[in-house]
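Chains as they are written, first to last, in numbering that gives the first Met the number 0: chain A, 0 to 448; chain B, 0 to 120.
By construction, these hints were calculated from the structure, which means they are not laboratory data. Bear in mind that the values here come from a model prediction, so they are computed numbers and not experimental data. Mixed in with the good hints there might be a few duds.
Said to hold, decoys possible - Stretches of chain B that chain A covers, calculated by requiring three or more beta carbons in the stretch to come under 8 Å of a beta carbon on chain A:
hint	segment
1	2-15
2	23-32
3	98-109
What the hints assert, rightly or not - List time: in silico SDA-like cross-link candidates among lysine to any residue, alpha-carbon distance up to 20 Å:
hint	chain 1	residue 1	chain 2	residue 2
4	B	75	A	10
5	B	75	B	4
6	B	75	A	26
7	B	73	A	14
8	B	31	A	73
9	B	31	A	68
10	B	4	A	430
11	B	31	A	57
12	B	75	A	418
13	A	385	A	374
14	B	31	A	40
15	A	276	A	220
16	B	75	A	24
17	B	73	A	289
18	B	31	A	61
19	A	289	A	374
20	B	73	A	18
21	B	31	A	44
22	B	75	A	41
23	B	73	A	41
24	B	31	A	29
25	B	31	A	32
26	B	75	A	410
27	B	31	A	220
28	B	4	A	24
Every residue, glycine too, gets a C-beta built ideally from N, C-alpha and C.
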Amino acid sequence: MTAQAQLEAQIDRWRGYVHGRQAISPSDVDELEDHLRGQIADLQATGLDDGEAFLIAITRLGNLDAVSREFAREHSERLWKQLALVPQGTDADAGPAWRELAVVLALAVGAGAALKAGGTWILGQGAFTRNVSLLVMPFVAAYFVWRRRVSTRVVVALLISFAALAVVLNVYPYASGGSTETLAALHAPVIAWIVVGIAYVAGRWRSDARRMDFARFTGELAIYFALLAMGGGVLLGLTSVVLGMVGLPIEPAMADWVLPFAVPGALVVAAWLVEAKKNVVENIAPVLTKIFTPLTIVMLLTVLAALATTGGLSSVNRDLLIVMDAILILVECLLLYAISARDPLTRVGMFDALQLVLVVAALAVDAVMLAAMVTRIAEFGTSPNKLAALGLNLLLLVHLVGTAWATIGFLRGKRPFVSLERWQTRYLPVYGAWAVVVVAGFGPIFGFV
Amino acid sequence: MRIDKDLVAASATPLVLGILSEGDLYGYAILKRVAELSGGRMEWTDGMLYPLLHRLERLGYVSSSWGTSEAGRKRKHYCLTGSGRELMRERQEQWSVVADALRQVWQTAQRPPALADGLAS
Numbered sequence: 000m001t002a003q004a005q006l007e008a009q010i011d012r013w014r015g016y017v018h019g020r021q022a023i024s025p026s027d028v029d030e031l032e033d034h035l036r037g038q039i040a041d042l043q044a045t046g047l048d049d050g051e052a053f054l055i056a057i058t059r060l061g062n063l064d065a066v067s068r069e070f071a072r073e074h075s076e077r078l079w080k081q082l083a084l085v086p087q088g089t090d091a092d093a094g095p096a097w098r099e100l101a102v103v104l105a106l107a108v109g110a111g112a113a114l115k116a117g118g119t120w121i122l123g124q125g126a127f128t129r130n131v132s133l134l135v136m137p138f139v140a141a142y143f144v145w146r147r148r149v150s151t152r153v154v155v156a157l158l159i160s161f162a163a164l165a166v167v168l169n170v171y172p173y174a175s176g177g178s179t180e181t182l183a184a185l186h187a188p189v190i191a192w193i194v195v196g197i198a199y200v201a202g203r204w205r206s207d208a209r210r211m212d213f214a215r216f217t218g219e220l221a222i223y224f225a226l227l228a229m230g231g232g233v234l235l236g237l238t239s240v241v242l243g244m245v246g247l248p249i250e251p252a253m254a255d256w257v258l259p260f261a262v263p264g265a266l267v268v269a270a271w272l273v274e275a276k277k278n279v280v281e282n283i284a285p286v287l288t289k290i291f292t293p294l295t296i297v298m299l300l301t302v303l304a305a306l307a308t309t310g311g312l313s314s315v316n317r318d319l320l321i322v323m324d325a326i327l328i329l330v331e332c333l334l335l336y337a338i339s340a341r342d343p344l345t346r347v348g349m350f351d352a353l354q355l356v357l358v359v360a361a362l363a364v365d366a367v368m369l370a371a372m373v374t375r376i377a378e379f380g381t382s383p384n385k386l387a388a389l390g391l392n393l394l395l396l397v398h399l400v401g402t403a404w405a406t407i408g409f410l411r412g413k414r415p416f417v418s419l420e421r422w423q424t425r426y427l428p429v430y431g432a433w434a435v436v437v438v439a440g441f442g443p444i445f446g447f448v
Numbered sequence: 000m001r002i003d004k005d006l007v008a009a010s011a012t013p014l015v016l017g018i019l020s021e022g023d024l025y026g027y028a029i030l031k032r033v034a035e036l037s038g039g040r041m042e043w044t045d046g047m048l049y050p051l052l053h054r055l056e057r058l059g060y061v062s063s064s065w066g067t068s069e070a071g072r073k074r075k076h077y078c079l080t081g082s083g084r085e086l087m088r089e090r091q092e093q094w095s096v097v098a099d100a101l102r103q104v105w106q107t108a109q110r111p112p113a114l115a116d117g118l119a120s
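Could you build the full structure based on these sequences and the hints that come with them?
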């Protein structure tokens with residue numbers, strides 16, 4: 000390497016190092032580099048060689064910690080990473096970002112219009128509820144099709160999937176208000192979301208890493224959607240109070256027009272936000288999992304104690320079983336996000352042990368639930384609802400046992416963390432398959448009651 | 000002779016303003032000018048100059064623009080604004096008062112106390 004190239008390499012390394020400081024922006028680094036080069040040139044002119052000149056110039060620039068502290072004092076806002084959704088100033092690449100915003104807004108309005116149209120023209124509340132996910136999710140999928148430039152083959156597969164779901168949901172002669180209809184309406188969003196997932200991973204659904212990305216995306220989306228919903232709720236609430244006071248009741252307009260557009264629109268916008276912020280802002284889901292894992296353990300133990308003290312499991316009613324299913328699904332999500340956020344290379348820590356406690360507590364609750372369900376089925380016979388709950392419970396049980404097994408292996412140092420990750424990502428499609436069974440199979444099996 | 004850190008810090012703003020009032024300059028040139036003016040006796044931590052310049056820019060005393068150096072690299076030039084000029088004059092007055100007071104007190108301090116008393120009475 001020539002002396003000049005060596006100096007350039009040194010300056011490059013220094014740049015990379017300074018870049019790591021949050022308080023020092025890239026243009027500040029340019030400015031400091033100009034300074035460094037001026038100093039080096041002057042030192043070389045006095046007869047020093049490249050290496051010496053570089054060292055002295057760096058020393059004169061000062062301790063990087065102290066300098067970056069000084070920068071941080073002047074630019075404290077830089078410590079809060081800012082998410083620039085559309086470019087500010089006169090960036091050369093402003094076009095694509097504006098185009099993306101336009102696409103997102105168009106899709107958001109489209110999803111709202113589809114939901115509104117569905118609400119107007121689909122006859123019957125039951126039929127509308129069944130189709131809600133089909134009216135909204137294709138727009139989220141469309142965003143990823145556009146964003147990832149998904150291949151035609153995958154687009155065709157997505158269209159066929161949505162169409163097949165639509166046919167099943169609308170051709171089956173469901174008894175109005177029957178339990179198979181309710182089950183289909185509950186399980187259809189799961190299938191639709193998995194189709195969105197295929198668009199998200201651009202058709203590479205076999206990849207464990209992509210699947211984990213989709214799991215992370217789902218968690219962040221839920222949080223962003225909740226934030227948007229909260230902000231929107233406050234805004235709508237204040238507006239309706241003001242308009243109500245001046246004698247303009249807004250409630251009918253809100254139910255008829257604002258919500259059908261706002262809710263699906265928020266979903267599309269949240270998907271865009273999560274996609275845009277991916278590399279800029281730390282994910283919040285992992286932080287929440289750290290807070291809620293211990294709290295959920297406490298909750299599960301409380302539930303267990305309550306179930307044990309109130310006695311006979313057969314007296315447990317159906318609503319309670321449904322709530323408990325929901326709790327277990329929540330625990331499963333918590334586990335998934337905790338696992339998706341963990342750096343596979345860090346050593347076994349306290350939190351991993353805590354996670355095992357959570358899994359074991361969930362297993363205990365699940366075992367109690369299963370016992371209660373089997374008792375009910377033995378006593379009163381089977382029904383679509385019971386079978387759907389039982390099936391979901393068995394899936395959760397297998398998932399939890401597998402997770403416990405992989406976690407124990409990891410804690411004892413026998414298995415790498417990746418095996419725990421793989422178990423999660425490989426198990427996810429099972430839930431989709433079960434949803435397909437419930438939506439497509441339960442109707443014909445139970446005679447659409 | 001090393002100059003006390005606090006004194007260097009206190010004089011940094013008026014010094015930078017004064018140097019910029021001579022003409023637009025970029026960071027490294029400002030530091031070279033400081034060394035020249037103090038005969039190399041005022042030592043700054045070079046990196047600290049930039050947060051100071053950014054602060055002055057935020058407060059509107061200087062403005063900056065990107066140009067290119069002789070070597071064709073990006074270089075940021077600083078230029079004194081109207082309110083910067085005003086601030087400089089203000090500081091100049093303050094520092095003259097301080098310097099004047101110091102000169103007087105040291106002149107008296109150099110004489111024997113009795114003589115100083117005699118003069119004062």
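Name the hints, by number, that the structure is in violation of. 1, 3, 5, 8, 9, 10, 12, 17, 19, 26, 27, 28
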